Amino acid sequence: MDESKLIKNIIKETSAQEREEIERWINDHPSNREFYDQIEWIWQKSQRIQPSYKIEVDDAWEKFQQLRDQQTSRKGKQRFLNSWIQIAAVFMVFFIAAGILYSSFMEPDNFLISNIQVSSGQETHTEELFDGSIITANRNSQLTFKQNFLSQSRHAELQEGEAYFKVAKNKEKPFIVKVGDASVKVLGTSFNIKKSEDKIEVILTEGSVEVEWMDKTTLLKPGEKILLSSNNPNVALSTIDDNLYNYYVGDYFQAQQTPLWRVVEILNEAYSANIIILKEDLRNLPLTTTFKNDSLESNLQVLQATFGLNIIREPNRIIIK
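Under full-length UniProt numbering, think of the first position of the sequence shown as 1, with each following residue one higher.
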């Protein structure tokens, strides 16, 4: 398919017949759809990132349209020239958009590379990537996404904090997440990564992932967790018994026969609280419930009503007994 037609279609300068032809071409093979989406994404991204350029683009395109219309009324050689003016106009618009994109966030030696940086601050943040992958960053997390449309892989890096990855499946382009000295390689799956100063935790929700660590590769299955420590070359592999680890992705906590100590652990993390279970025999009380990721006080009331607990609130801590 002629690229000039695709670009004209994106900027709505194609006839009905041309649109039908392009639609058939797009549906003919997944790679055609991917290529078209990439070109369209470049155009849309350029408009979103540098809206001040839009007037220049529109002016340039309008001038070329005027030239085209002037040439249409002429015959012979002028018709031949007119076709080249239309093509030149299309490519001019495309290269202006590409130039905007390039100057905004591309590295000079890596054409068609996009870099997206996420710093979540005090709120969770969700980012949808070009390929349809969705990443949710927990509070106080930093991530970078790099995508080269011509590359055979997709890349992300978790510099700090925690993130939940729901990766769009693409067998031809694996998704690789770098976190510290480890890397996680997937084709299409959902998983959680947490990075602290000296530890890395990966929990697999569905699909499969390969975790590379110190020249060792570990394949995770759904429901498994791997814990890596910079002080220990060995890996700690275990199974998880709850889904509380990704509480920040939705707006609820879900406990299924979950011991009270584990619920308290997550509440402490979610609300930066200091809740202490004073009596040892309370630690393993099983809790089955779903409560909203609302205020800490409302969730403490749920625990209090469920187990008849005595909860004491002090300035720097909350005591359960």
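Calculated directly from the structure, the hints in this document are not laboratory data.
Be aware that a few hints might be false.
To be verified - Keeping only pairs whose Cα atoms sit at most 20 Å apart, straight-line, the calculated PhoX-like set for lysine-lysine is:
no.: 1; residue 1: Lys199; residue 2: Lys171
no.: 2; residue 1: Lys279; residue 2: Lys292
no.: 3; residue 1: Lys185; residue 2: Lys171
no.: 4; residue 1: Lys279; residue 2: Lys225
no.: 5; residue 1: Lys169; residue 2: Lys199
no.: 6; residue 1: Lys178; residue 2: Lys146
To be verified - Quick list of simulated restraints, FRET-style, between CB atoms:
no.: 7; residue 1: Gln301; residue 2: Ser153; range: 42 to 52 Å
no.: 8; residue 1: Glu157; residue 2: Pro30; range: 39 to 49 Å
no.: 9; residue 1: Glu206; residue 2: Glu157; range: 47 to 57 Å
no.: 10; residue 1: Asn284; residue 2: Pro222; range: 23 to 33 Å
no.: 11; residue 1: Ser151; residue 2: Ile312; range: 50 to 60 Å
no.: 12; residue 1: Glu197; residue 2: Arg24; range: 48 to 58 Å
no.: 13; residue 1: Gln304; residue 2: Ser230; range: 34 to 44 Å
no.: 14; residue 1: Pro315; residue 2: Gly121; range: 24 to 34 Å
Quick caveat: nothing in here was measured; it's all calculated off a predicted structure.
Glycine is no exception: its CB is placed at the ideal position from the N, C-alpha and C atoms.
Evaluation of the provided hints:
Of the supplied pair hints, the one linking Lys199 and Lys171 is violated, its CA atoms being roughly 30 Å apart against a limit of 20 Å. Between Lys279 and Lys292 the alpha-carbon distance is near 26 Å, which puts this suggested pair outside the 20 Å criterion. Distance hint between Lys185 and Lys171 is fulfilled; the C-alpha atoms sit about 12 Å from each other, no more than 20 Å. Of the supplied pair hints, the one linking Lys279 and Lys225 is violated, its CA atoms being roughly 29 Å apart against a limit of 20 Å.
Only pairs whose Cα atoms come within 20 Å are accepted, and Lys169 paired with Lys199 is rejected, the gap being roughly 28 Å. With a C-alpha separation of about 11 Å, the suggested pairing of Lys178 with Lys146 holds against the 20 Å cut-off. For Gln301 and Ser153, the Cβ-Cβ distance of about 48 Å falls inside the hinted range of 42 to 52 Å, so the restraint holds. The hinted window of 39 to 49 Å between Glu157 and Pro30 is violated, with their beta carbons roughly 28 Å apart.
Take Glu206 and Glu157: their Cβ atoms lie about 23 Å apart, and the range 47 to 57 Å is violated. For the hinted restraint 23 to 33 Å between Asn284 and Pro222, the CB-CB distance of approximately 25 Å keeps it satisfied. A C-beta distance of roughly 56 Å is found between Ser151 and Ile312, which places it inside the suggested range of 50 to 60 Å. Under the hint 48 to 58 Å, the C-beta atoms of Glu197 and Arg24, about 55 Å apart, fit the expected range.
Between Gln304 and Ser230 the Cβ separation comes to about 40 Å, which falls inside the hinted range of 34 to 44 Å. Taking the beta carbon of each, Pro315 and Gly121 are about 26 Å apart, inside 24 to 34 Å as hinted.
The structure fails hints 1, 2, 4, 5, 8 and 9 (numbered hints given earlier, in ascending order).
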